[in-house]
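Asker: Given next are the chains, with one letter for each unit.
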Amino acid sequence: MSVVDGLTLFIQQVINGLRVGSVYALIALGYTMVYGIIRLINFAHGDFIMVGAYSLFFTVPLMISAGMPAWLSVIIAVAVCATTGVLVEKLAYKPVRAKGTKMSALITAIAMSLFLENLAQTLFGANPKQVGTIFSLPMLLGFSGNTLLTILIGVVVMVGLSLYVKYTKGGQAMRAVSEDKNASMLMGINVNRIITRTFAIGSGLAAIASLMYIVQYNQVTNMMGTMLGLKAFVAAVLGGIGNIPGAMVGGLVIGIVESLSKAYISPLTGGIITSAFSDAILFGILIIVLLVKPTGIMGEKTGEKV
Amino acid sequence: MLTIKDLHVHYGAIHAIKGISLEVNDGEIVSLIGANGAGKTTILHTVSGLVKATSGTITYNGINLRTTPPHKIIDLGMAHVPEGRHVFSRMTVMENLRMGAYSLTDNEQIKQNIEMVFKSFPRLKERAKQIAGTLSGGEQQMLATGRALMANPKILLMDEPSMGLSPILVKEIFHIIATLHEKGITILLVEQNAKMALSISSRAYVLETGSIAMSGNAAELMEDDRVRKAYLGV
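Those sequence lines, one after another, are chains A and B. With the working numbering, the residue at position 205 of the first sequence is 223, and numbering never jumps. With the working numbering, the residue at position 95 of the second sequence is 118, and numbering never jumps.
Keep in mind the hints are simulated off the structure, nothing from the lab.
Examples of chain B residues toward chain A, derived with CB under 7 Å: (1) L73; (2) H103; (3) R113; (4) M122.
What you are looking at is a predicted structure, and each value in this text was computed from that prediction instead of being measured. Glycine residues also receive a C-beta, built at the ideal position from the N, C-alpha and C atoms.
Using the sequences and the hints given, assemble the complete structure.
Answerer: This is the structure in structure tokens:
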């Protein structure tokens with residue numbers, strides 16, 4: 019393999035890493051936003067991707083047969099996921115939060131995850147389903163057009179979210195509530211409404227992530243959210259859980275690490291460690307982050323001044 | 024203006040407020056003084072709806088505050104500067120002030136209020152883009168006060184504004200409170216610094232373990248032997 023070929027392969031792998039990384043980043047954002055606002059790891063969040071993917075599975079053919087562009091299905095998927103997220107919050111988390119401890123809320127989140135996975139299996143079966151083609155772009159500069167578009171969607175969504183959180187009244191209120199609920203109430207902020215909105219936005223992002231995933235893999239199963247969710251969770255912790263830019267950076271880093279380790283770990287170790295170990299490497303990162311810098315890359319300790 | 028009658032508050036099994044009645048009239052500065060744990064902060068939290076009362080009534084201009092959701096209270100013209108400032112420490116000074124105006128919708132009004140706060144607290148203007156968590160304690164107190172003023176309150180609940188500040192800053196903060204009062208804002212002040220509090224107040228209530236031990240004209244309380252011994256250190 020010549021140097022040029024080697025470099026091309028490397029760039030190819032980085033681009034692939036950015037593609038899968040932007041999927042992780044959008045999912046990680048959901049984890050981090052919800053954690054930021056109610057200090058709960060929403061373990062059902064990964065399964066919202068599955069909900070979004072099933073929504074696409076059912077609505078893409080409808081769109082096509084109605085003569086509309088298939089990608090419009092994502093609007094429905096966002097609405098379905100946002101509704102799912104809000105319902106899970108209102109019906110499961112909020113009552114538990116009012117009565118119980120953080121631990122009971124966490125266990126409820128795991129229960130909701132299992133519930134959604136099993137509900138989907140009962141309703142749609144355990145066999146993978148093929149989703150129709152949502153968009154298919156030609157190669158561009160030697161790269162897959164779909165991949166480039168996926169990265170672009172990820173970037174646009176992340177920039178949009180950052181602007182919302184930084185500059186709008188609603189986004190600022192979200193930050194205020196995540197920092198201090200009582201002080202927010204004193205400002206006249208309806209804290210419950212902000213929490214609901216955060217769930218809606220976080221879950222809506224999961225729907226966009228499922229679109230980006232489906233464009234690449236075309237398949238839906240009831241368990242698809244488990245591994246995606248866990249990896250995105252690692253990304254959120256790596257970036258600093260609760261930190262929005264951190265989730266974005268964490269997602270992209272995890273995507274690139276995964277892509278590069280799959281491509282290079284076997285040749286670099288003479289075949290002793292195969293690419294099958296790439297997931298082990300990712301979760302190894304989680305352990306190292308927790309040991310070395312539990313607050314993550316962008317996370318910071320904020321002490322209260324007296 | 025603000026009337027509390029026979030208020031009881033429990034934290035679990037602890038009976039924190041044991042049948043307190045007090046009132047604040049339009050244009051007054053009223054102080055609640057007393058030792059740590061007497062229940063001063065609890066009273067303010069109950070008025071603002073952050074803590075739920077067990078029984079009793081709290082009315083503000085005839086409106087029942089016990090059934091008003093906490094986030095609606097600011098719309099009635101009541102703002103609360105909490106103990107320990109509770110500024111949004113990861114947000115900028117400007118963003119904190121904008122959060123103070125969350126209940127307002129008129130952008131012109133918000134702009135005017137920001138100007139008004141910057142005029143009262145020029146130091147906040149210098150630090151408008153700074154993250155609030157990096158401000159000094161005194162500056163954070165100014166920010167917490169300015170943030171409360173953003174909603175054009177008619178009555179201000181102030182909880183321990185002098186806490187943790189140097190003597191010079193304490194004087195400055197009390198000067199600010201007096202200035203706000205001159206501008207027509209009614210103030211309910213909770214303080215451990217009884218001497219300073221009484222010196223600017225019209226009336227005061229002395230709290231002891233959840234009950235009112237004494238009340239009356241601030242100047243008279245300052246001359247009272249029991250108050251002097253217990254709270255003024257003379």
